[in-house]
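For chain A, the structure is supplied; the task is to place chain B on it using the hints.
For reference, the chains in residue letters:
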Amino acid sequence: MRTALIGAGQIARQHLSCLKTLPGVELAAICDLSPATAEAAAERYCVRAWFTDHRAMLEKIRPDVVHVTTPPTSHFGPAIDSLNAGAHVIVEKPATPTFEELETLVQRAREAGRHLVEDHNYLFNQAPQEILRRIEIGEFGAVIHVEVLICLDILGPSGFADPNSPHPTLTLAGGAIADFLPHLASLVHLFVGPHRTAQTVWTKRKPSPLPFDEFRAVLDAERGTAALCFSASAQPDAFWLRVYGERMRATANLFETRLTFDRPRNVPKPLRPFFSGLEEGKTIRRAALATLLRKFKEPGAYEGLWELLARTYGALADGAAPPLSASHVLEVNRMVEALKPKKR
Amino acid sequence: MRVLVTGANGFLGRHVVGALLARGVEVRAMVRPAAHLGALGWPSSVEVFTADLRTSGELRRAFEDVDVLLHLAAVVSGGEDAQFAGTVAGTERLLDAMAASACRRLVLCSSFSVYDYSATGRILDEDSPLHLVPDVYTRDGYTIAKWWQERVTRRFAETNDWDLTVLRPGFIWGRDHGYLAALGLQFGRHHLVIGPLTRIPMTHVENCADVFALVAADRRARGQTLNVLDGRGERIWTYLSDYMRGSGRPGWRLPVPYWLAISLVRLAYATVFRTASKVPSILIPQRFESRLKPLHFENRRLRETLGWTPPLDYQQCVVRTYGPATPNAAEPSGAGALAVLNSRFNRRNRFSKSS
Chain A
1 MRTALIGAGQ
11 IARQHLSCLK
21 TLPGVELAAI
31 CDLSPATAEA
41 AAERYCVRAW
51 FTDHRAMLEK
61 IRPDVVHVTT
71 PPTSHFGPAI
81 DSLNAGAHVI
91 VEKPATPTFE
101 ELETLVQRAR
111 EAGRHLVEDH
121 NYLFNQAPQE
131 ILRRIEIGEF
141 GAVIHVEVLI
151 CLDILGPSGF
161 ADPNSPHPTL
171 TLAGGAIADF
181 LPHLASLVHL
191 FVGPHRTAQT
201 VWTKRKPSPL
211 PFDEFRAVLD
221 AERGTAALCF
231 SASAQPDAFW
241 LRVYGERMRA
251 TANLFETRLT
261 FDRPRNVPKP
271 LRPFFSGLEE
281 GKTIRRAALA
291 TLLRKFKEPG
301 AYEGLWELLA
311 RTYGALADGA
321 APPLSASHVL
331 EVNRMVEALK
341 PKKR
Chain B
1 MRVLVTGANG
11 FLGRHVVGAL
21 LARGVEVRAM
31 VRPAAHLGAL
41 GWPSSVEVFT
51 ADLRTSGELR
61 RAFEDVDVLL
71 HLAAVVSGGE
81 DAQFAGTVAG
91 TERLLDAMAA
101 SACRRLVLCS
111 SFSVYDYSAT
121 GRILDEDSPL
131 HLVPDVYTRD
141 GYTIAKWWQE
151 RVTRRFAETN
161 DWDLTVLRPG
171 FIWGRDHGYL
181 AALGLQFGRH
191 HLVIGPLTRI
201 PMTHVENCAD
211 VFALVAADRR
221 ARGQTLNVLD
231 GRGERIWTYL
241 SDYMRGSGRP
251 GWRLPVPYWL
261 AISLVRLAYA
271 TVFRTASKVP
281 SILIPQRFES
291 RLKPLHFENR
301 RLRETLGWTP
311 PLDYQQCVVR
321 TYGPATPNAA
331 EPSGAGALAV
341 LNSRFNRRNR
351 FSKSS
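Protein chains in written order, with our numbering: chain A, 1 to 344; chain B, 1 to 355.
Just chain B, with the same shape it has in the complex:
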């Protein structure tokens, strides 16, 4: 089986490539022209296909002899229009090329951001409401782009009768990506922790990559939409503690109850910003909720559909993220690395208690 992976050198993509290789899958890795691949350590068996989804005219060639497309590419920086052009228009061009090929299996990396947190009750799962038109256009550029990317992909899959699996990861974390938007507000090294006991819908990048590699080959995933979470998630306070210790960035943490924070945001929005056409994202109640609303998250459908359990538990993930780098990222760190990290945590114990 040959799998085409877009965004293959991205934060998630490089781990997905590793997970596919570990399962003996042939990989064609699509990367952008200016990508630096040297540090990735890919074996020569990885076939690199250079293209930019926004402009490349050679996308059809990428699908030659490809059985499955893992579409991970998305633009996550820049303005709203740049994200839309890169993520949505790029997906249109990619899937136009796929429609002209023999490939009929597609796995899309969507996002939790497609869910309407404001309309969700206590539990957020795959049946929770998605954003609706026109409200979706009041959300941030990333949300609009990912919502539209999923919409476009579903339309293509329906038109072409493709086997589609949509995976919606929660917050993906890992080495060099330890800080999560769910942690509240950051002011330099200091943190305003909103709802400190709220659990974060999170998945470590290596666990998440394992799901993508599994789904690429598993027939049970076809036609499914699955949230990708390692479990019910760590509490914000706990994870922030681990982040601050692990990253060596001490600072103050001020806990604020969620109900108080959202009340203040709603009050400010109703009184000051309602008539404003441009408001900082965190001061818009719906966007505030999509980052911080305390909900119950779980990965039941993922477990039941595929029988999946995360290869790494939380403590192993912490070590993989903040401990010494290991030469082979696909293998869990050994006891030595864990010991090094534990000693680092112990050295900072005094800071931990005082903050």
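Bound conformation, chain A alone:
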């Protein structure tokens, strides 16, 4: 399967590293507006061809799959051109600045008989997958509520809040936080399904080029409720996922490997916290070591992306549907739309 990548910036590195490990995948070309960036990526990953014009690349290489990893505001053009060229498209999140553009991409993919996959990588991290497994075998009971909370300092001067060069995400509704909404929404969707109603709070605590640096939301969804949060000020950095079931509660930090479960125990009620604490402490110590060790190896915190790509390419090779369908992508992005700040 011939694959190509458009946009050789930061996240592209994870896609390229993973693609080099996948059997049956030929990384055929890399494209970037900067010739040096494209050539350097091609040299680093031993790719024969590099381009600065994605249309020229599509015409010459005729890839089966195209990864679109440009800044989010510029996904649409390369993605629709790739679909028109007959390629499946794996696009970084957020797929498009507006829902209408996403619908156009999905429609075009359906017409062309191709697949459009948005990178909802955290769904495929080990922790959410393990929680999902326990739900599916009935151990968890019905999911009542899910909380997803990202604490991430994005106010530093070299990233989203760069005072010299406006970050591309600042033009999105919600600014830099909009870059994280697909993570929050996709995890909520995984455990409680499509939303019915949403209430949001968007605020700004600190002076910066960002329009907002705090976000809260409460959702009523088809299978339960959810609370979503992004904080640029709360420290330390963490990505907490808590899933509350009828018979069990799961807590995971997706920036680490920590995953703990708490449940009713067959002991006198006053002793339950004691035994739960012992078990949780043991699990956390093991996770601390695993988190340290994974820093020395790829994919590290991008384990979900690697798993998503492996499953997607496996499905495409078998002629099967990829793990994230177009309807899934649309449902998640309908939720994202409901979470965006309302225009004043």
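Treat the hints with caution; some may be incorrect.
[As the list claims (entries may be wrong)] Which stretches of chain A does chain B cover? Using the computed rule of at least three CB atoms under 8 Å from a CB of chain B, they are:
id : stretch
1  : 40-54
2  : 289-300
[Claimed, not checked] With a straight-line cut-off of 30 Å between C-alpha atoms, the simulated DSSO-like cross-links for lysine-lysine are:
id : chain 1 : residue 1 : chain 2 : residue 2
3  : B       : 278       : A       : 282
4  : A       : 295       : B       : 293
5  : A       : 206       : A       : 342
6  : A       : 282       : A       : 295
7  : A       : 295       : B       : 278
These aren't lab readings, by the way, just hints derived from the structure by calculation. Just so it is clear, CB atoms sit at the ideal spot from N, CA and C, and this is done for glycine as well.
What follows is chain B alone, placed relative to chain A:
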């Protein structure tokens, strides 16, 4: 002559602007939009051009009536991709703009990091081997970005038939930039001094700026690649002593022979980290060597090509770096400042002997 200086308010850039002004050169200083220029004390004759090389659409205007470009701008912090985007893609955009102008003379601030220390024998000079593809991609983000910046610049210069001079400074030091990566490993105030007798390829920022100002106007520099060093460099132990005294940061120093340290790093890499895809930089033998390998450094070609000698000797540089700030950074400190610093050193004499 009008010179466009990128990165003009940076650590080196602000001194280069001063050195150019001292030589009577007209300066157009390119700075980023959020730069604070008040403390620099530039005269009104300095024309400030605000732009960010990564995104600005007005770069062509920067070259209007410019005779020489001194390209100092580079991103030295952030991740590997941020450094590459800022340093390399930014250089591409800048030189695209230059190609559309009448300016044909370019001086690039490269770096010692482009040299492959592992492949270098006893002496490192301008003829020493550079990193090769694909090995360069095993190096740190700064090295990759500076290596690529030089590669891109040479390609532009060849395509457009420009007069190019590449200057490769060693470790640049000066006020507020006294600590150097060549000093070993720092743990709080304490130091693991690897190869304490190794000499550091170093240039004081004011001496380095003097070279850039000289090269901008000197025809003898055209087409040359020159290492910028003040001399053969101070020994790590000596400079670290001066740094600790001057900065008032006492601590313990534990000397470790270089051969022992590199042997341990190689052993750890071969046994524990060889299969790891992400390893702390200091534990990768090639990166360890590029910081600490004991080599002989000299500035012979710079001296012979331009007849240059550093305006400040080492002791004057120490005073300029650690002594009281002087109102005019372009002028060497006087005997008064030297006396103040000496008395400070004497007060700390007890610490010096005990550490």
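Against the structure, the hints:
Figure legend: the stretch 40-54 of chain A, annotated as covered by chain B; annotation consistent (4 residues with Cβ-Cβ distances under 8 Å, at least 3 required). With a threshold of 8 Å between beta carbons, the proposed coverage of the stretch 289-300 of chain A by chain B holds, since 5 of its residues qualify and at least three are required. A hinted pair counts as satisfied when its Cα atoms are at most 30 Å apart, and residue 278 of chain B with residue 282 of chain A qualifies at roughly 27 Å. For the hint linking residue 295 of chain A to residue 293 of chain B, the alpha-carbon distance of about 27 Å falls within 30 Å, and the restraint holds.
At most 30 Å may separate the alpha-carbon atoms for a hinted pair to count; residue 206 of chain A and residue 342 of chain A meet this at roughly 21 Å. For the hint pairing residue 282 of chain A with residue 295 of chain A, the CA-to-CA distance comes to about 21 Å; that is within 30 Å, so the pair holds. For the proposed pair residue 295 of chain A and residue 278 of chain B, the alpha carbon gap of about 7 Å is at most 30 Å, so the pair holds.
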